[in-house]
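Peer 1: All chains should be built: construct the whole structure from the sequences, respecting the hints.
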Amino acid sequence: MLLSCLSLTFFLSTLSDQDTPRLHGNSMEGQAPPPQPTQPRKKRPEDFRFGKILGEGSFSTVVLAKEHSTGKEYAIKILEKRHIMKENKAQYVKRERDIMSHLDHPFFVKLYFTFQDEEKLYFGLSYAKNGELLKYIRKIGSFDETCTRFYSAEIVCALEYLHKKGIIHRDLKPENILLSEEMHIQITDFGTAKQLSSDSKQGKGLFVRLAENTCPNRLVSCCSSDLWALGCIIYQLVAGLPPFRAGNEYLIFQKIIKLEYEFPEKFFPKAKDLVEQLLSLDPCKRIGCEEMGGYGPLKSHPFFETVGWDDIHLQTPPKLTAYLPAMSEDDEDCYGNYDDLLSQFSCMQVAQPGHAPLVPFTGETSQPTYNPSPSVDQFIHIHELDSNCMELDLQYSEEEKRILLDKQGAANPWHQFVENNLILKMGPVDKRKGLFARRRQLLLTEGPHLYYVDPVNKVLKGEIPWSPELRPEAKNFKTFFVHTPNRTYYLMDPSGNADKWCKKIQEVWRKIYHKHQSPSL
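If you count by mature numbering (1 follows the signal peptide of the UniProt record, and there is no 0), then the sequence shown holds residues -16 to -1, 1 to 505, one letter each, in order.
No lab work stands behind these hints, which were simulated from the structure alone.
Beta carbons are placed, not taken as given, at the ideal position from N, Cα and C, and that holds for glycine.
One or more of the hints may lead you astray.
[To be verified] In silico DSS-like links for lysine-lysine, alpha-carbon gap of 30 Å or less: (1) 495 to 445; (2) 94 to 104; (3) 27 to 73; (4) 178 to 250; (5) 487 to 415; (6) 148 to 254; (7) 178 to 104; (8) 415 to 157; (9) 123 to 26; (10) 56 to 113; (11) 27 to 94; (12) 391 to 445.
[Stated by the list, open to error] Restraint ranges, calculated between C-beta atoms of paired labels, are given here: (13) 253 to 37: 39 to 45 Å; (14) 278 to 299: 21 to 27 Å; (15) 179 to 253: 35 to 41 Å.
Peer 2: Shown next as structure tokens:
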């Protein structure tokens, strides 16, 4: 065991470019050795002030750190030697270091230095201040065509550079694409990357781990496998979800090898054509591979016709904008004609506490199972349309709340999902994720809480997190957003009363946070 530890330490010491001074030339007997060039002092953990954790991998942690002497910020990747030895990952660590040390391109995370102590290895990486691309896909749902084109083009440029150097990434996905302070991409995580020989760039390779973006060709490594991943990323930028989705890895793999995926409606036609040419089961038929003419045809695809390739790294990235097309013919794009809607909203009749009831819900629903008792109704206005739709005014005493909870527990079919909290408003909505929408029962309760439930299978699917930063926003009569610090939820009220949801959420927000103005993000 001791020998193994010593061997590992010796092997890992080669990873540090600052650990061992190198002597140049041979000293001769009777002569003083020639003067040696001054070696820079090797860095140590105490040279840095370590801050927040930026990310965690299977055997590493990335931490934000500021160097005391220069004030520069780095993302320092910390790897525990004992864990590397236990998991037999030394070759992966060395491979990542070797590959990253040869990369010099603005679209890749840069390796500035390495050092070590008795227990850990440290990789000093460039700090991509805006984090993972995946975070923004989750935040806004799906990118509009301009954003999709720009970021897809940057990935293409990065892959062209990488493949010219005979390197394949093998794990390209939104989690491994970071965004710099200027919002340009920086690709990271080369732990499973491979340096190919000149005669194997499109040939056989090593088995790679399964993921939603995994290439289907018996999961082997070739440059064309990164093009498959590019197709998956473009699909996800537009649709909001990966093309191959299932409950476990085995089912995902079955869908991949059968090329079992579909495009949602409103998918950009040119992007669709590009994705279809990238997601080919035959790696030799993927646009961008050597057999198909290399990167020239890929960069000339109609989807990229407006891209300025030569200076894309110097261009100002477009502002990230959600793509939310209309879901039906009588609806409209939620970001279109918004100025015209402002005047319309000012004229809308909105139910205020103690005043007119809500506009009746026009969908097919069951009939109410009970009527509010006069003893409660004389104090509290309950706008109940059926057992699925209701709104409760917020002026009630503790005794009245007890009575309302008793009635809710006895007759409301949604009570089982709200943890015995009083429901203040509820109704069916279409919850969108990218271009996909699913019907949910939305339940606003005391607490406060915003639960959403699968109305068919009667399963609680999740909860919109409350905080002082939560902000509702009506985009048109049907569509409204609920902004949270980490994500924006896109919801559509089929009855066309999106503004009522926003007003009730704002009302609850003010009551909880004791504010007298609308919440702001």
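Peer 1: Compare the structure with each hint and give your call.
Peer 2: A quick look at each hint next to the structure:
At most 30 Å may separate the alpha-carbon atoms for a hinted pair to count; residue 495 and residue 445 meet this at roughly 26 Å. Simply put, residue 94 and residue 104 have alpha-carbon atoms about 20 Å apart, close enough for the 30 Å limit, and the pair holds. With a CA separation close to 24 Å, the supplied pair residue 27 and residue 73 stays within the 30 Å bound. Proposed proximity of residue 178 and residue 250 is contradicted: the alpha carbons are some 37 Å apart, above 30 Å.
Using a Cα cut-off of 30 Å, the hinted pair residue 487 and residue 415 holds, with the two alpha carbons roughly 19 Å apart. For the hint pairing residue 148 with residue 254, the CA-to-CA distance comes to about 27 Å; that is within 30 Å, so the pair holds. For the suggested pair residue 178 and residue 104, the alpha carbons sit about 24 Å apart, so the restraint of at most 30 Å is met. The suggested pairing of residue 415 with residue 157 holds, with an alpha-carbon distance near 25 Å, which does not exceed 30 Å.
About 41 Å separates the Cα atoms of residue 123 and residue 26, which puts this hinted pair outside 30 Å; it is violated. Restraint check for residue 56 and residue 113: satisfied, since their Cα atoms lie roughly 13 Å apart, inside the 30 Å limit. With a CA separation close to 17 Å, the supplied pair residue 27 and residue 94 stays within the 30 Å bound. Proximity of residue 391 to residue 445 is assessed by CA-CA distance (about 24 Å); at most 30 Å being required, the pair is judged to hold.
The hinted range of 39 to 45 Å is satisfied by residue 253 and residue 37, whose Cβ atoms lie roughly 42 Å apart. Checked against the hint of 21 to 27 Å, the pair residue 278 and residue 299 passes, with Cβ atoms roughly 23 Å apart. Between residue 179 and residue 253 the CB atoms are about 38 Å apart, so this pair conforms to the stated range of 35 to 41 Å.
Checked against the numbered hints above, the structure violates hints 4, 9; every other hint is satisfied.
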